[in-house]
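If you read the sequences in order, they're chains E and B.
If you use the UniProt record's numbering, the first sequence corresponds to residues 1 to 266, in order.
If you use the UniProt record's numbering, the second sequence corresponds to residues 1 to 266, in order.
Treat the hints as calculated values from the structure; they're not laboratory data.
Everything numeric in this text was worked out from a predicted model, so none of it was measured.
Be careful, since some hints might not be right.
You can't tell identical chains apart in this list, so a pair holds if it fits in one copy or across any two.
[Claimed, not checked] In the SDA-like style, the derived pairs of lysine to any residue whose C-alpha atoms are separated by at most 25 Å in a straight line are: (1) K76 to S210; (2) K76 to R206; (3) K76 to V241; (4) K265 to E250; (5) K265 to P255; (6) K154 to R254; (7) K265 to E81; (8) K154 to I90.
There are 2 protein chains.
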Amino acid sequence: MPPLVHPALSLRPILLRSRRNLLPPLLRRSPSSGPPPLLHRWLPRQRRGLSARASAAGGVEEEEEEDAVVGFVTGKLKATELAHAVWRSIVRKGDTVVDATCGNGNDTLAMLKMVAGERVQGCVYGLDIQESAIESTSSFLKTAVNSREMELVKLFPICHSRMEEIVPKNSPTRLVAFNLGYLPGGDKTIITIPTTTELALQAASRIVCSDGLISVLVYIGHPGGRDELSVVESFASSLPVNTWVSSKFEMLNRPIAPVLILLHKK
Amino acid sequence: MPPLVHPALSLRPILLRSRRNLLPPLLRRSPSSGPPPLLHRWLPRQRRGLSARASAAGGVEEEEEEDAVVGFVTGKLKATELAHAVWRSIVRKGDTVVDATCGNGNDTLAMLKMVAGERVQGCVYGLDIQESAIESTSSFLKTAVNSREMELVKLFPICHSRMEEIVPKNSPTRLVAFNLGYLPGGDKTIITIPTTTELALQAASRIVCSDGLISVLVYIGHPGGRDELSVVESFASSLPVNTWVSSKFEMLNRPIAPVLILLHKK
Numbered sequence: 001m002p003p004l005v006h007p008a009l010s011l012r013p014i015l016l017r018s019r020r021n022l023l024p025p026l027l028r029r030s031p032s033s034g035p036p037p038l039l040h041r042w043l044p045r046q047r048r049g050l051s052a053r054a055s056a057a058g059g060v061e062e063e064e065e066e067d068a069v070v071g072f073v074t075g076k077l078k079a080t081e082l083a084h085a086v087w088r089s090i091v092r093k094g095d096t097v098v099d100a101t102c103g104n105g106n107d108t109l110a111m112l113k114m115v116a117g118e119r120v121q122g123c124v125y126g127l128d129i130q131e132s133a134i135e136s137t138s139s140f141l142k143t144a145v146n147s148r149e150m151e152l153v154k155l156f157p158i159c160h161s162r163m164e165e166i167v168p169k170n171s172p173t174r175l176v177a178f179n180l181g182y183l184p185g186g187d188k189t190i191i192t193i194p195t196t197t198e199l200a201l202q203a204a205s206r207i208v209c210s211d212g213l214i215s216v217l218v219y220i221g222h223p224g225g226r227d228e229l230s231v232v233e234s235f236a237s238s239l240p241v242n243t244w245v246s247s248k249f250e251m252l253n254r255p256i257a258p259v260l261i262l263l264h265k266k
Numbered sequence: 001m002p003p004l005v006h007p008a009l010s011l012r013p014i015l016l017r018s019r020r021n022l023l024p025p026l027l028r029r030s031p032s033s034g035p036p037p038l039l040h041r042w043l044p045r046q047r048r049g050l051s052a053r054a055s056a057a058g059g060v061e062e063e064e065e066e067d068a069v070v071g072f073v074t075g076k077l078k079a080t081e082l083a084h085a086v087w088r089s090i091v092r093k094g095d096t097v098v099d100a101t102c103g104n105g106n107d108t109l110a111m112l113k114m115v116a117g118e119r120v121q122g123c124v125y126g127l128d129i130q131e132s133a134i135e136s137t138s139s140f141l142k143t144a145v146n147s148r149e150m151e152l153v154k155l156f157p158i159c160h161s162r163m164e165e166i167v168p169k170n171s172p173t174r175l176v177a178f179n180l181g182y183l184p185g186g187d188k189t190i191i192t193i194p195t196t197t198e199l200a201l202q203a204a205s206r207i208v209c210s211d212g213l214i215s216v217l218v219y220i221g222h223p224g225g226r227d228e229l230s231v232v233e234s235f236a237s238s239l240p241v242n243t244w245v246s247s248k249f250e251m252l253n254r255p256i257a258p259v260l261i262l263l264h265k266k
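So here's chain E without its partners, still in its complex pose (with noise of 0.2 Å):
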């Protein structure tokens, strides 16, 4: 059995791993024992773009933030590219970032090269309840950062409710990233469901540090999609506008395509 997490990248895998116990009767239960299956997980869509982006550094980066929102008002941004020009406008070097849903590791790869500095080191914690999200995760950062970078990357085997966990509470957070769903190409009983999905909400919001996000990208073509984003909504207005910004980003005429709600933390 391939282990739960790659040694290099773990903290405190064997600590994480008892922890799994405590987890709440709820979040356990099996697709086939009542509605709401078991948590998570989405890869993104297209690998080409985010990869390309995530490569490519400085600059650049800073000329492809430029047209960001025309390139999605003309179709020619995806939702997840939209977050990702945010993303690099919000984060800095040498701040800690946390991917609730590493998935592949895209977003993960993409949050190290904002993070990782010349002369100042970030961190980003990877979380994900699939044990082969985060071996596709660790595997991934392999073939694409050097062992410089990979240091700076804490996988974890746990669901996104429990980031507190791992986060250290002197660790100011810059960015808490979701992609819900579930995982193409895996089960898809498995998905994000609104419970846990509320909770970490909610814990993403009590770590975030001011001037900071919560990126929540939802995909909304599966059974329960659309009762995700209603919770996401939900928990997204009831933000007090003296702290928080809310705002939403969505396709109107691409009923299933994915809809991106940004918090900015004051």
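Go by the hints and put chain B onto chain E.
Just chain B now, with coordinates in the frame of chain E:
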């Protein structure tokens, strides 16, 4: 009684006045005779930001555009400024554009600066059902532009649903912009209404050229605002995905903040 339209700005005021009698009865319903009050009109709320942007030409405008989506996400830019940033990327010197709801003329001025070039000169058609808005726009423009630019603006006191009567058929239109709601400081029973708004959107979709844009800013804080938003969303959702990109931008934790809907023709 003041003239319906400033003589220097109107191409065909007499024709238009006579055509007003051709308006179907439903467009002439008075506020006292039934639920949907007569047409029209809102003034952009923050004049300062718009004017500053409109008066800055060339490179400065491009710099502003660079941060538009991030400005919106962080609450520094309003939806109307996000719209202007997108317009600036799409509209070119020499283009024909339509301000479907002139109001006090801020959008008209912004558009004029986008189409008026050194070598090529575009054209701005401005419409507003309220004569006071046409007069206000005319007065405002005279304080802000030179006589050469002034000649590029044609103002008409008619309903936006009739834009096809004034835009020449051989003038491909790059942008049709709407601000939907009522005129602050004016008669709040006079608002844009779903019936004519839908007709106006249909007209706009017929005259907009390839790589052109319909921009709709919907104010929803007044009675009827949400109904009008539903009509705009329904229209946007119905556009075929192979020829249109319909995107929507909104603030979730500011329930009466205006909603921006951008319809890009491929």
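Discussion item. For each hint given before, does the structure comply? Return the numbers of the non-compliant ones in rising order.
Written reply: Structure breaks hint 6 only.
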